[in-house]
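A.B. asks: Below are the chains, spelled out letter by letter.
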Amino acid sequence: AQRVTQPEKLLSVFKGAPVELKCNYSYSGSPELFWYVQYSRQRLQLLLRHISRESIKGFTADLNKGETSFHLKKPFAQEEDSAMYYCALRHSGGSNYKLTFGKGTLLTVNP
Amino acid sequence: DTGVSQDPRHKITKRGQNVTFRCDPISEHNRLYWYRQTLGQGPEFLTYFQNEAQLEKSRLLSDRFSAERPKGSFSTLEIQRTEQGDSAMYLCASGVSKNTEAFFGQGTRLTVV
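Sequence order for the protein chains is A and B.
Just so you know, we're using my numbering here: the first sequence kicks off at 1 and counts up by one.
Just so you know, we're using my numbering here: the second sequence kicks off at 112 and counts up by one.
Derived by calculation from the structure, the hints in this document are not laboratory data.
Only a predicted model underlies this, so the values are computations on that prediction, with no experimental measurement involved.
A hint or two may mislead.
[Stated by the list, open to error] Restricting the straight-line Cα-Cα distance to at most 20 Å, the calculated cross-link-like pairs of lysine to any residue (SDA-like) are:
1. K98(A) with K125(B)
2. K57(A) with Q42(A)
3. K125(B) with S177(B)
4. K22(A) with R41(A)
5. K9(A) with G151(B)
6. K98(A) with Q165(B)
7. K103(A) with Q148(B)
8. K103(A) with Q152(B)
9. K209(B) with G93(A)
10. K73(A) with L106(A)
11. K209(B) with Q45(A)
Make a model of the complete structure from these sequences and hints.
C.D. replies: As C-alpha cells, this is what we get:
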C-alpha cells in the first residue's frame, strides 16, 4: 500500500541555518512526489514537484528512488519559511488523480 | 480571490444532524477532489470527480456521506446523521487533467457536538 512518512512532527531552526525536512515513501509504481506548504491562516498550496526539478523560494528536493526519499532542503532558512509542510505522493496509472499525504512537519524558523 | 472557494468556513452541528458543504472550483477545472483532515494528520482522499462523474470514493466515505457535482462545476458534500468522529477539516481541491497540481480551498471546519 502507498504510504508517505514524515518522521518529524516539529522542526525548529534558527534563521540562516540549513533546514532539511524528511520524507520517505512506499509505493510499488512510479510515483510523482510533491511538497505542499500551508502558511498560517492560508490554504494548502503546492511548493514544488520532483518532475520540475526546480528551486522554489530557495527550496529544493531530489527524488532518491533507491532510498525512496524526497527530502526538502534549503541552505539558509528565513523566518517567513515558518509553516506546515506536507510531502505528498501522486498515484500512477488509473488513479493518477489521487494524492497521499504525509502527516506533515511544522517548521519554525527562529530569529 | 479566484481560487477554490468553500462554504461555510466553519460549521458546528449537533450529533445526528445533517450538514452540507459547498465547493466552487477554479473555473474550467474539470477535476474536483474532496479530502478530509483531522488533527495531526495530513489530508486524506475522500472522493474524486471528473466533470460531473464521480470516479472514485474512498473507503473512508461511509454511506452517510454523499457527494455530487451535478453540472460539472460546483460540488456538494453531505453528511447525514453526523457523529463526533466526523469532526474534521473538509478540503476541496480542483485541477485540470493535463496538470497534476491540485489547488486547494481554505476548507470547511466541521465540529460535531
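A.B. asks: Going through the numbered hints above, which ones does this structure break? Give me the numbers in ascending order.
C.D. replies: 1 and 4
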